[in-house]
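Chemist: One letter stands for each residue in the lines below.
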Amino acid sequence: MSNHAWLLLGLFLIVLLLTVKPLGTYIANVMEGRFRLAGKIENPLYRLCGIRPDDEMGWLKYAFAILLFNALGALVVYALQRLQADLPINPQAFANVSPDSAFNTAISFATNTNWQGYGGEVTMSYLTQMLGLAVQNFLSAATGIAVVIALIRGFARNTARSIGNAWVDLCRITLYVLLPLAIICAVVLTSQGVIQNFDAYKEVRTLEVTSFETPKLDEAGQPLKDEQGAVITEPAQTQSQTLAMGPVASQEAIKMLGTNGGGFMNANSAHPYENPTPLSNFIQMLSIFLIPAALCFTFGRLVGDTRQGWAVLAAMSLMFVTLAYAAMHFEQQANPLLTQLGVDPSAGNMEGKETRFGIAESGLFATITTLASCGAVNAMHDSFTPLGGLVPLLDMQLGEVVFGGVGTGLYGMLVFAIMAVFIAGLMIGRTPEYLGKKIEAFEMKMVSIAILVTPLLVLVGTAIAVMLADGRAGVANPGAHGFSEILYAFTSAANNNGSAFAGLSANTPFYNVMLGVAMWFGRFGVIVPVLAIAGSLAAKKRIAVGAGTLPTHGPLFVTLLIGTVLLVGLLNYVPALALGPVIEHLVLWAGQ
Amino acid sequence: MKTLLRPAVSLFVLLTVVTGIVYPLTVTGIAKFAFPNATEGSLIVKDGKAVGSRLIGQNFTDPKYFWGRPSATGPMPYNASGSGGSNQGPLSPALSDAVKGRIEALKAADPDNKLPIPADLVNASASGLDPHISPEAAAYQVARVASLRHLPPADLKVLVSQHTEGRQWGVLGEPRVNVLQLNIALDALR
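Line order of the protein sequences matches chains S and H.
Under the working numbering, the first residue of the first sequence carries the number -15, and numbering increases by one thereafter.
Under the working numbering, the first residue of the second sequence carries the number 2, and numbering increases by one thereafter.
Just so you know, the hints here were simulated from the structure itself, not pulled from any lab data.
This one's a predicted model, so the numbers in the text were calculated from it and none came from an experiment.
Certain hints may be false.
Label pairs and their computed distance ranges (CB to CB) [claimed, not checked]:
| id | chain 1 | residue 1 | chain 2 | residue 2 | range |
| --- | --- | --- | --- | --- | --- |
| 1 | H | Thr4 | S | Phe426 | 44 to 50 Å |
| 2 | H | Leu190 | S | Phe182 | 53 to 59 Å |
| 3 | H | Gly167 | S | Thr306 | 27 to 33 Å |
| 4 | H | Ala109 | S | Pro207 | 42 to 48 Å |
| 5 | H | Leu116 | S | Ala55 | 32 to 38 Å |
| 6 | H | Gly102 | S | Ala55 | 18 to 24 Å |
| 7 | H | Lys115 | S | Leu71 | 56 to 62 Å |
| 8 | H | Val172 | S | Lys422 | 37 to 43 Å |
Lysine to aspartate or glutamate pairs mimicking EDC-like chemistry, simulated, CA-CA at most 16 Å apart [claimed, not checked]:
| id | chain 1 | residue 1 | chain 2 | residue 2 |
| --- | --- | --- | --- | --- |
| 9 | S | Lys186 | H | Glu41 |
| 10 | H | Lys65 | S | Glu192 |
| 11 | H | Lys47 | S | Glu192 |
| 12 | H | Lys65 | H | Asp188 |
| 13 | S | Lys200 | S | Asp183 |
| 14 | S | Lys524 | S | Glu424 |
| 15 | H | Lys47 | S | Glu187 |
| 16 | H | Lys47 | H | Glu137 |
| 17 | S | Lys200 | S | Glu187 |
| 18 | S | Lys525 | S | Asp454 |
| 19 | H | Lys65 | H | Asp111 |
| 20 | S | Lys209 | S | Glu197 |
| 21 | H | Lys108 | H | Glu41 |
| 22 | H | Lys50 | S | Glu187 |
| 23 | S | Lys5 | S | Asp289 |
| 24 | H | Lys115 | H | Glu105 |
| 25 | H | Lys108 | S | Asp328 |
| 26 | H | Lys158 | H | Glu137 |
| 27 | S | Lys200 | S | Glu218 |
| 28 | H | Lys101 | S | Glu218 |
| 29 | H | Lys33 | S | Asp328 |
| 30 | H | Lys115 | H | Glu137 |
| 31 | H | Lys115 | S | Asp328 |
The beta carbon of each residue, even a glycine, is placed where N, CA and C say it ideally should be.
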């Protein structure tokens, strides 16, 4: 790994850790209702909405509220896409989106996945982007944070029957945490060149005439095909370039802060209008991890022992540094087949990467975006070296708990922490407890569901897709890499990440439906058991620390926690990884 | 369930108005005031006409110009209303064939060039719109452009170095050359 890469990683980690305490404290204060202006802003809103803020909810009611709120979001995004041709703010006059694609995208954005089967700048009107997609970027992020706050209350409360009020939580997170951060972030991004306007696409006259082949169309506007089914093309020339426009910066900011990841443009954060400079890239990487890291401190503060939060953050950071090193290291390796052709190997694997980011910025971004269930990309993961591409795949397969999505990462990690104390309890023969709460059969059942639902969706989904012709039809690259593309798609969808090995043609009814189902159950199949754990824990007495209590803030526990995450992740996925990236690596380097 | 419906719908509408309308308009207002050129796309205007954007690359195949990154957008390269990469995996025969073709084009335009071939000059960018090449990729092309334009290579090297950006703040990103701006400057030399 280059000196530049080490420096970048170090700088990133230092800046990130400096933000943890102030932001974490702020979020804790907001969620406890200690934000000073809160009453003046909120009370009229609650009256308007018919919300009684003191009306605390049990876990079941909380879960219903969350489900209802998100189902509503999915419905509105679906409707906006299906009607956009007749709605305003559509300067490019884009047609309505097809039902299966609209279904997929609606679920994708409501579940914080932001998997994109469509290309943004050729499909979505500005109205759909800002009123549908960007709104879900806020609300799905608020949902994740609300759920983890509810879980934390489960630990913090003593024999309580409720875990908070979902409406109050969603409202406070959106208005006081996400919105101010997004405004600041968006304005800073425009200073670097991210666009923010509602203009129609702009034509410029290029320096040189471009000659190209364009598909020949029949009278109905469909491309003509020859006997073999290949598209017939004809030569064409142009001296103009059409620049896609739009309100990008406002969407970009919340796309990162909410670990959503859905790009305004098809190329996502590789597009120079979404991510124009190395500084904008650094800000984007930082804003992905900002809230997930701060929430660890919020957790410690709310359970009354900040060491607990730091321990979780330490486990996350150790795994992050290791995986980031791996991604940057493997991408620095040039493709041996191209080196044979005479390409200089010193620059590393540059296929699908931007010059301004190079290897270090691309490798680090890929690690952050896949660990954090963000899914934005500034380089094309499909063109990574086999082991460089294995890292983002593995990042997601660890269950999106290393920082993870906003809220989702921490509640996922706390589920693993319960698992870890349970395993430790079995080893020493004592009833396991975590933060003074006894872990019993009900919690362990819910933990098992929460941990196993995603691997099940990933592995069964991949198996179905590779068995069916519809599934295999989407593959772009031959051999083991084609299998990796399918595995990546289901891994990304079920873990609510949203990045892709984008060669896979996933905008087909088969993939739109399969991945839509994987996203929905990958999200709420975890949220519901987590809220059940919250409710069950809240009802228990907090017991004092005794001589036999396993301390959950020291290096021993950090090691145990990392071990549990790795054990579950690797046991589930090693066979599948062996069939994809590992075989590809062996073939690529065979005979070198 | 019924008691949840009214709060759900009304809170959803309210937060939609705040985050879907008020928020993007606020950002547009502030950003247009503070960074008017950037919000509009960082356009390069010559004689009152937009000839490109500082941030969006253009396609160059004429040996008298510096060439940029290969672009995998369709149907034409550098399609700025349809961004994307090649998504070819390392073992893809299509990738090897494409790189072979690009190397042949470079060699055909400059048969005497013995420098190692810079990777960014033969590998497609992620967006298909990358405005930059590495300083090595610019240096690789100096001799060719100089001889076709009958310019002293030393002058051209100076021009390239004037258009070379270092790492941002000394630590972020990679050193790079903006191809469109370099080529515009090149045309202005005559």
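Chemist: Checked against the structure, which of the hints given earlier come out wrong?
Modeler: 1, 2, 4, 5, 6, 8, 13, 16, 17, 18, 21, 28 and 29
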